[in-house]
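Participant: Protein chains in written order, with this note's numbering: chain B, 1 to 257; chain Y, 258 to 586.
The reader is advised that the hints may include incorrect statements.
DSBU-like cross-link-like pairs, simulated, lysine-lysine; straight-line CA separation at most 30 angstroms [said to hold, decoys possible]:
id, chain 1, residue 1, chain 2, residue 2
1, Y, 450, Y, 424
2, B, 177, B, 237
3, B, 237, Y, 582
4, Y, 450, B, 177
5, B, 248, Y, 329
6, Y, 450, B, 108
7, B, 188, B, 52
8, B, 177, B, 248
9, Y, 581, B, 248
Which bits of chain B does chain Y cover? Going by a derived footprint, with three or more residues having C-beta under 8 angstroms, they are [stated by the list, open to error]:
id, segment
10, 113 to 122
11, 151 to 160
What the hints contain is simulated information worked out from the structure, not anything from laboratory work.
Note that this is a predicted model, so its numbers are computed, not measured.
We put the CB at the ideal spot given by N, CA and C, even for glycine.
Each chain, letter by letter, is given below.
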Amino acid sequence: MKIAVCVKQVPSTTAVIRVAADGSRLELAGVETVVGPYEEYALEEALKVREKNAGSTIVVVAVGGEEAGKALTHAYALGVDRAVLIQAPDADAAAAAACAAGFLKAEKPDLVFCGRQAIDDDQWLFPGALGEALDLPHVTAASTFELAGASATCKRRIEGGEEVIEVKLPAVISCEKGLNEPRVPTLKGRLNAKKMKVETKSPADVGVDAAKLAGGLKIERYAPPPEKSPGKRIEGKAAAEAAAELVKLLREEAKVI
Amino acid sequence: MGNDILVLAQHQDGAVKKPTLECLSVARALAAATGGKVLAAALGPGAAKAAADLGAWGAASVLVGEGPALAKYSSLRWTRVLAGAVAKQKPAALLTSTSALSRDLAGRLAARINGVLASDCTKLSAAGGRFTLERPILAGRALVTASHGGDRPLVATLRPNVFGAEKPAQAGACATETLEVTEDAADLRVVVKEVATVKSERPELSEAAIVVSGGRSWGSADGFKPVFDLADALGAAPGASRAAVDAGYVPHSMQVGQTGKTVSPVLYIACGISGAIQHLAGMRTSKYIVAINNDPNAPIFKLADYGIVGDEFEVVPALTAEIKKLKEG
Ligand SMILES: Cc1cc2nc3c(=O)[nH]c(=O)nc-3n(C[C@H](O)[C@H](O)[C@H](O)COP(=O)(O)OP(=O)(O)OC[C@H]3O[C@@H](n4cnc5c(N)ncnc54)[C@H](O)[C@@H]3O)c2cc1C
C-alpha cells in the first residue's frame, strides 16, 4: 500500500504572535514552530497502516518555505520512507493543495492522510481541495479509521452526535484529535533522520504554474485580537451576595439574561 | 458572474438553524450593496418545508433539493448539486455557517466552482465590487482582514452568533424551484452510513446563545454536576476545558478550544477555568465573558467582562439558585 501524508510546519500553539505596527504582516521571525498537531495524528495513522500492511511505503509532502523542512525531518525521525518539500513559501491553503495535488497525481497513493486544519490559517480548506484536485473522496476530521480491504470506515463528530462514514480507496483522510496517540521519535530515529535527504521540488516541477499560486483572498491587514478593557470584578463577598450582584449586572447592564 | 448572494441553508428536517438566519441577514446587506438578490438553497429531507422560512427571512428564491438521492448528506453529491446551482445562478458569493457540514463541504465546493474560500468569518461586507471580510487566524491570536473581487465567486462560512439575525419587517415574494438531482455512482465513494445522535434537551454547544463551561477543578464526573445545573437553569449548553475532558469528567463533544469546538455565544461563563491560550481560542469572540475563579490572577480574568473571585463550589450553586429565583419570580 502506498501512503502519503501532507504536513505543515506552524507556529506553536502557545507562541505569542506579534503583528507589525502598520498591520502589514505578522512578525513570525524567531517564533517557535512545530509540526501541526493534526498532522501528527496523520503521521501516526500512516505509520500504523504501514505496520499492518507489509510492503507499504510512506511518502510525506510539505508545501512551504525552509521552515517546512523541519516537519519533514521530524517525519524521517518517525521512520517514513521518503520526504518531499515543494518550495512555495507564500502558498496559501489553496495553492498548497494545488502543489500537493500536482505531486501526488504522479505518486498515485492509495491513502492520503493530512490534518483537519492547518492551525495557522485555520481555513479547513486543504483536505477537500486536495480531494477535488485528485478526484478522490475525502473524509474530514476522522476520529477513528479502520481499513477493510479497498475501503475504510471512519467516525466524525458532528453537532449533537457522530457520523459513521465509509469511504472507498484511494481517499484523502483528514485527521482529528483522538484518532491515535502520536509516537515521539526515538533517538535512533532522530539520528537516522540526519542521514536522510529531503527532496526539494518547485511548483513547476509538479506541474503548477507559479502565477496561479496567487489570486485567492487579498490580505489587507493583520490585527491583534481586540484588547478588552478590564471588566468588573466582584471580590471578597459571600457567594450568595456575589451571585446576586452578578445576576443583576447580567440582567440590567449586559442585558443578556 | 452575477451579483446575487446564495445562502446554503442548514436545517434539521426542515427546521432552519439559527446560524442560517444570520447568513440570510448578512446576505441581505451584501445584496443591497451588490445590487443583487438573496437566493437560498436547501438540500435534504425537509428542504421544501425550510423554504417558507427562508423566504420569510429574505430569500427571493429558494432552490429545493429533496428525494432519495439527497436523503443523507454526502460531500460529493452536495458538491455536485450545488456546483450545478452555482453554474446556473452565477452568484457573486455563496454563504453558509461554520459547522461540521460546511467544514467538510466548503473546501471541496470552492475548488469545484473555482471559488475563493474564506472560513469562519467574523465580519463580511461588500462595496465597490469587492467583498471585505475579517477572520481569526492562529486560533484567534490574530485577525486578518482580506478582500476579494473579480470573476471567482466568494465562498464564505460565517461564525455562528457573531453577526446576529434580523428578520425583515416585510418579506417579498419567494419563488421555489426544484433541483433535479440525478444519481451518480461516483458520489458513493464516500457515504455516511449512520448518524448516531445523542438525544439531548440541551442546546447544541456551537450554536448556543449561552454556554456554561467547567474545568479540571471540578474534580470528577459527579463533581461536574453544578456546571450542568447552572447551564440547565440558564437554558445554556454545557462546555468544558480540555483538562476536564482529558480527566474523563465529560465527553470530548463538550470541549471548547483549539482542539475542541469554537463557540461564540452572547454569554460565556467559565467556572474554574484558568484561561489557557488554547481554551481562549475557542471562546474569545463571545460577546460577554464571565469568569468564576478563586485565583485573582487567573488569565481568564483578562478577557472577562464580569468576574467573581471566589470558590466555584459555593459561587456556582449560588448563581444557579439566583437564576432559578429570577425565572420563577
Ligand atoms: C496542542 C494543545 C491543544 C489544546 N487544546 C485545548 C482546547 O481545545 N481546550 C482547552 O480548554 N484546553 C486546551 N489545551 C490545554 C490548555 O493548555 C490547558 O491545559 C487547559 O485549558 C486547562 O484547563 P483548566 O482551565 O480546566 O485547568 P487548569 O489550567 O488546571 O485550571 C484550573 C483553574 O481552576 C481554578 N480553580 C481551582 N479550584 C477552584 C475553586 N475551588 N474555585 C474556583 N476556581 C478554582 C484555578 O485557579 C485554575 O485557574 C490544549 C493544549 C495543547 C498543548
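Participant: Could you check the structure against the hints above and give me the numbers of any it violates, in ascending order?
Facilitator: 1, 2, 5 and 8
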